[in-house]
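J.: Each chain, letter by letter, is given below.
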Amino acid sequence: DTGVSQNPRHKITKRGQNVTFRCDPISEHNRLYWYRQTLGQGPEFLTYFQNEAQLEKSRLLSDRFSAERPKGSFSTLEIQRTEQGDSAMYLCASSRPGHLQETQYFGPGTRLLVL
Amino acid sequence: QKEVEQNSGPLSVPEGAIASLNCTYSDRGSQSFFWYRQYSGKSPELIMFIYSNGDKEDGRFTAQLNKASQYVSLLIRDSQPSDSATYLCAVNFNAGKSTFGDGTTLTVKP
Chain A
1043 DTGVSQNPRH
1053 KITKRGQNVT
1063 FRCDPISEHN
1073 RLYWYRQTLG
1083 QGPEFLTYFQ
1093 NEAQLEKSRL
1103 LSDRFSAERP
1113 KGSFSTLEIQ
1123 RTEQGDSAMY
1133 LCASSRPGHL
1143 QETQYFGPGT
1153 RLLVL
Chain B
8 QKEVEQNSGP
18 LSVPEGAIAS
28 LNCTYSDRGS
38 QSFFWYRQYS
48 GKSPELIMFI
58 YSNGDKEDGR
68 FTAQLNKASQ
78 YVSLLIRDSQ
88 PSDSATYLCA
98 VNFNAGKSTF
108 GDGTTLTVKP
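So the protein sequences, as listed, match chains A and B.
For what it's worth, the working numbering labels the leading residue of the first sequence as 1043, then goes sequentially.
For what it's worth, the working numbering labels the leading residue of the second sequence as 8, then goes sequentially.
Treat the hints as calculated values from the structure; they're not laboratory data.
Since this is a predicted model, take the numbers as computed values, not measurements.
Glycine included, every Cβ here is placed at the ideal spot set by N, Cα and C.
Possibly wrong hints are sitting among the right ones.
Just so you have them, the derived chain A footprint on chain B, three or more residues with Cβ under 8 Å [stated by the list, open to error]: (1) 46 to 58; (2) 107 to 114.
Here are a few chain B residues that sit away from chain A, every Cβ distance over 12 Å (derived from the structure) [unchecked claim]: (3) K74; (4) L82; (5) G103; (6) P117.
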């Protein structure tokens, strides 16, 4: 597998429920990023990891959002007590330091709909 | 003012024409610049990156960077209907996160 994978691809949930998304980066990439994209907007940075360390979090990331990368491989993004405003495409990307100017390669995304 | 701004679309060109997409950024310390293409409902896919002033060509695509003017552009020659998509400009200040513009939607009419 040469690409970034994300699961699930689609998630419909009711307001107030918790959801968790998974991202598997390209195997030799030690940096992993989460973005959120709503219709008509570009991706907005949420957080990123280098190996298992979470190096930066956006101010957009409220305390309802948490991300982990426990073993430096796959990552999970959890949203607690979902709100309708959380409906968006959640994108994961990975990169390798020093490779092609840190080009980030995106997974297919997880589309979340909060009813 | 957004950190990365792209010319508002939609942009429509006839098949075979040159499409010109523009992007300006606010942080003078920005180091790397990327163009992604995004089809409706899909994730962004990299077209090319540039980090030195001047032009960089890859097939029908040419990226142009002018750091003094804080400006980066993408030219698509011999535009094809399959080029119809949203084009995203992304800027990296340092290793780490990318800051994206909101994209320009391009339509190439047969």
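J.: Let me make sure I understand: some of the numbered hints might not hold for this structure. Which ones are they, in numerical order?
T.: 5
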